[in-house]
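Trainee: Modelling step: build the complete structure from the supplied sequences, incorporating the hints.
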Amino acid sequence: MARECRSWWRNCAVEADEEILEIDALEDRVGPIDANTTRIRELISCLELCHHKAERWVESIIEAIGTGETQKGLGTRPPGQTHPAETVWQNACAALSAWCAGCPPGSLELTVGTVAAPQLLAGLGERSPLKEWQVQRVVERIRSLIGWPQSDSDPATAYVWLLFSEDASESPYRKRCPPRYQEHEEYWLATARTLLHDTDNGKARELSLGLAIDMLWPCHWRFVENLQIVLEAIGGGLHLKRPYAACGRNIRLVPNGARMETVCRTLRRFGRTGGGDGEIDEAILDQFGEVTNTKRWLALSLEKTIRLQLNPSAEMEALCALEGPAWIKE
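For the sequence shown, my numbering assigns the number 18 to the initial residue and increments by one for each residue that follows.
Don't read these hints as lab results, they were simulated from the structure. One or more of the hints may lead you astray.
With a straight-line Cα cutoff of 27 angstroms, these simulated DSS-like cross-link-like pairs (lysine-lysine) come out [to be verified]:
1) K312 - K70
2) K220 - K312
3) K148 - K346
4) K192 - K346
5) K258 - K346
6) K258 - K148
7) K220 - K258
8) K70 - K258
9) K148 - K192
Please read these numbers as outputs of a predicted model, since none were measured by experiment.
Mentor: Right, dumping it as structure tokens:
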């Protein structure tokens, strides 16, 4: 009988396999877990390899396991310190907002990452009311996640999920147009029923444009490319030249995959005290120092989390293989 995972595993597993049960048993042998260890384990539970700073987060967790303490986590950035990627996000919002306002794309002297704004906007093609409505949703989606400006404080500009349900107890997808979009229900419906011809881990899949906008995360390592894909789809380019990689979708495309495999081999070497083929990173072992049950538990938890995210279980793959509700094809 399948066993439900402890909450620690929420970012990588639905059901506990034998390895997870073994690691959980090691946790039980550690005994009462102090505040520092809890914070470190929570960092592992929040790790997402699709984040553009995922490799740095893994390094921070490894350092924390070695020292037994950490100051990392949500809300720990010093006041007034800006995120290095904020310029990319802000320029994306500025370029898209200017396009919605009727500004000719060629007149915009902005870059979004390494892509010039005119090139980014070229995929939209000829302007139309539907396209303007869809691009406005993209702007709201980005702003709602970066907090610039605080769009959530203004109901008129706050982002409302296009297809994801706010109450997923019955279904992860909406069954009808949300009140926020009822004035333009035909635009919402057209967006939901526009299907991108994509691949997910090499398998042909269709993806609703509505879901593609919902899954547009600025913190994703491939944000600019994903944004280009969405804008080209709005412009009618529905046969994707490159896969849409968002959150757990197409996770195997992460650029740090080879490095993470080396990290995993090293963590297994430490946590299981022996064996394992392939290259390891001796510097990580030096950081860990003396082997203790607490360090072993944390190291094996991190290794299993990374490995499951790089090679998700069938259950997790099913959760990430998002296409949309059946009604969009009816």
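Trainee: If any of the earlier hints don't hold here, list their numbers in rising order.
Mentor: 2
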